Amino acid sequence: MSEVKFSKEHEWISLEGDVATIGITKHATEMLGDIVFVELPEKGSNVEKDGTAGVVESTKAASDVYTPLSGEVMDTNQAIVDDPSKINEDPEGSAWFFKLKIKDNSELDSLMNREEYEKFSKENSS
Amino acid sequence: MRINMETKKTSLNNLHQRNQAKFVEFAGYEMPIQYSKGIIEEHKFTRKHSGIFDVSHMGQLFIYGGENLTIELEKIFPLDLKNLKQNSSKYSFLMNEEAGIYDDLIITKIEEGYLIILNAACKENDFQILSKLLGGNFKMILENERALVALQGPRSVEILNSVLSGVEKLNFMTGKWIDFKNQRLFVTRSGYTGEDGFEISILNNFAEEFTQKLIDKGAQLIGLGARDTLRLEAGLCLYGHELDINKTPIEANLKWAISKERLSNGGFVGSEKIMNQIQGGTSQIRVGIKPEGRLIAREKTKIFKETDKQIGEITSGTFGPSINGPIAMGYVDKEFSKIDTKILLEVRGKKYPANICELPFYKKNYVKGVN
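Residue numbers (my numbering), protein chains in the order written: chain A, 12 to 137; chain B, 299 to 669.
Only chain B is shown next, with the shape it has when bound in the complex (with noise of 0.2 Å):
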């Protein structure tokens, strides 16, 4: 057997390398973490005018398949696929029996079935649980042959309708096959930056040339350290740190996230165990966290109440760039959950006040009824 180590790359590669990136290992590829400007730079720049980001690594699974297949999918995911419009995608999530979240993703109806965005450590497990799951009756493509590239920020729809003509009229969580010098591009106004904003699935063969198009019209690449603290201010969720196999969609507060057509009924994986925990409650729910003063608590930080009751720990910490401040999530036992209670983070064995908080920590505009 041959053993490949080697760190995947994406399309886009040379060209962040052209715009000085400095890289990390993510999920197995070498990724932009940040460029020549830094984080806090990219992060302001993403909210105020318009920012790339090459999120190629994550999974496009695109499942081919008419009303069967709405019917099979519908017993793995907590959605009313039944009466989603095509073209219309969806947050949901992957689990297992216990409502164990194995991934996170967005789903989309297209003409030819779905189209379903993973994360790029989890798309390969995915693939199979999926797999196993639809029996092997539909045609599953897990690409390898297309880049994944987000627009994100005010900016973003005039820039992107510039170079695609028409995505202005896309609705959020809408998308849409686009022409583009003889491919089709699929195009979804979607993101995870909490600014309105576009992804774009392209062939990787043209993926460079249409990025650099964007950046000619002054869209500027942004690497993961700010799309990080973008998606932190804007409360969103990131796998591994927020979600993972241990927690279910309650007990991290997305119960939005589940079609209330599905809650009366079941018949989902994991579906006793969301119904139990929606009548039962949890024991632990996730929160918005704000420290006082500067002082930043990161991941596994743990949370007390008074000074010897630790009540549970923090996921993700950063300083957000448009808070000018601190800000953190985290699971704390339900009881201390509300809003502007006072808690106390250990940070390098000192106990700093802090308090929980309304999530998100930076307001989105989302785009609606455009169309």
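Isolated chain A, as found in the complex (with noise of 0.2 Å):
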């Protein structure tokens, strides 16, 4: 099993090889409430760290998705294009939302533990 890493906006990152399969957290998706829409980047792409990389909307508000890492994207979950009720189901499972070929090793230093993000988040929701 790869270990999964969080970002401070939300994201799950689980690494195999030099693949990332990036989601967004069940904290995320509770804070979303009823996810309607989804854009995902585009197959073949190249996304920065820290930049936009999709959209998620719920029946709230719209809100950029954004990739923790740099890379290529290699191939992107159209299950949840095509039924985004799946995101609030199992956002850390099957509702993946891309793959990245990724860059360089060392963006992944910045991102946090399960313990640490789960503290993160405590600490960051109103």
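In case anyone wonders, no lab produced these hints; they're calculated from the structure. You may find that some hints are simply not true.
Within a straight-line C-alpha distance of at most 30 Å, the following computed DSSO-like cross-link-like pairs (lysine-lysine) qualify [unchecked claim]:
no., chain 1, residue 1, chain 2, residue 2
1, A, K54, B, K648
2, A, K112, B, K571
3, B, K320, A, K37
4, B, K603, A, K71
5, B, K383, B, K571
6, B, K598, A, K97
7, B, K600, A, K71
8, A, K19, B, K320
9, A, K54, B, K600
It should be emphasised that the depicted structure is a prediction, and the values quoted were computed from it without experimental measurement.
Make one complex out of these two single chains by using the hints.
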């Protein structure tokens, strides 16, 4: 099992070799409410750490999705585009957003482990 | 002086808290945006069963008077109030001389005069305007001792009738006083969801006990989030979005709400502008808009025809849970307002296809002729 890491923008990152699978956390979906639309980056495009890499819209508002790592988009999850409610059902499992071939391993250093993220999200949720 | 910046709470605030409400500030009130199940579940529950909405923030304006009051109100509202039956309600507007809308409202003729239900954000201003127009000749009370509870959805009639016997006999857009535990409730058959339902005006002290009874009978609390998706599916306007001081009822495509009897002679505030617009047309008009695919186009989204010609703007846009897709309303130049006209919506810098469509998105079934 690869270790799951977390970003301050509420993304989770699961790394296998140099491919990172990225999605949004359960905590994020609880704050957003029912998700009804999602836009993902294009396959083959390059994304930069902390740049926008998609949009999630809930019944309440639109929110940008940021990529916590730089790299090339290898794959995107069409299933959540077709049925965005899957993101609320299984945010940290089958409802991943995109897979990246990462460029720079040192970018991983700024990410949090689960314990750190849980502490962070508790302190930063109002 | 003492400045009070605190948000107001309705008499159902404790009940909301006990039911895990998430709160937002709305028009100076702390109101539930949703409860634990979320907007989509709450929306669907209302369509299938019966939802309870705390709308106590809305204004309940009682104006007392007889025939003279009717005559004076006809100088303000575009309604045939002389021929309005007692206990019947009409949807209408408070307008300025240019037919710009100060507020949209429901007015009911009652034994003592009239009851007008006003939007929360507009009620104080409406009171000032109406006081001035009526010249202090009639007693006016903007209630703060009564809560307003809406019960909406197909099971509402059976639930409310088990608590307040006799409400099943009300037709849509009528109301009456009903006794409940040594006090009087004013109940109208009306609503803002596209469903059959009721609005109940009740003294603050009794509101929680009464609402809990509705919950015990199977109705559920619904927040403002689902109230918005429900009204938008029903094609109903929201003040501050589809309607404001720079829009007229004709531009808002609400000519149906102006009594025919009043169109020939005018004589109400804004009547000249209304008649001019009916004859000469308006440059823009409110329409329904259905984006293709799942894209949500929210308020202030620019509307284009082809790529570079802006023809309007969206005033409300959301995901319609019963439609299972995005829906919107907005204003477009009249020449592009025909049903099925293809338009483009600019969202996050890109243009997406959409179509002008018929309203409502969701067909209503109001109860008529039960009495």
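Are the Cα atoms of K112/A and K571/B separated by 30 Å or less? Violated, at roughly 63 Å.
task = Would you mind confirming whether the straight-line C-alpha gap from K320/B to K37/A stays at or under 30 Å?
result = With a Cα-Cα distance of about 18 Å, the restraint between K320/B and K37/A holds, given a limit of 30 Å.
Please verify whether K19/A and K320/B have alpha carbons no more than 30 Å apart. The hint holds at about 23 Å.
Hint check: K598/B vs K97/A, CA-CA at most 30 Å. Holds or violated? The given pair, whose Cα atoms are some 29 Å apart, holds under the 30 Å limit.
Q. Between K603/B and K71/A, does the CA-CA distance stay at or below 30 Å?
A. Distance ~28 Å between K603/B and K71/A Cα, so the pair holds.
Are the Cα atoms of K54/A and K648/B separated by 30 Å or less?
holds, 18 Å
K600/B and K71/A: Cα distance at most 30 Å?
-> Holds, at roughly 20 Å.
Restraint status (C-alpha distance of K383/B to K571/B at most 30 Å):
holds, 28 Å
key: Hinted pair K54/A and K600/B, Cα distance within 30 Å   = The hint holds at about 28 Å.
In this structure, only the earlier hint numbered 2 is contradicted, and the remaining ones agree with it.
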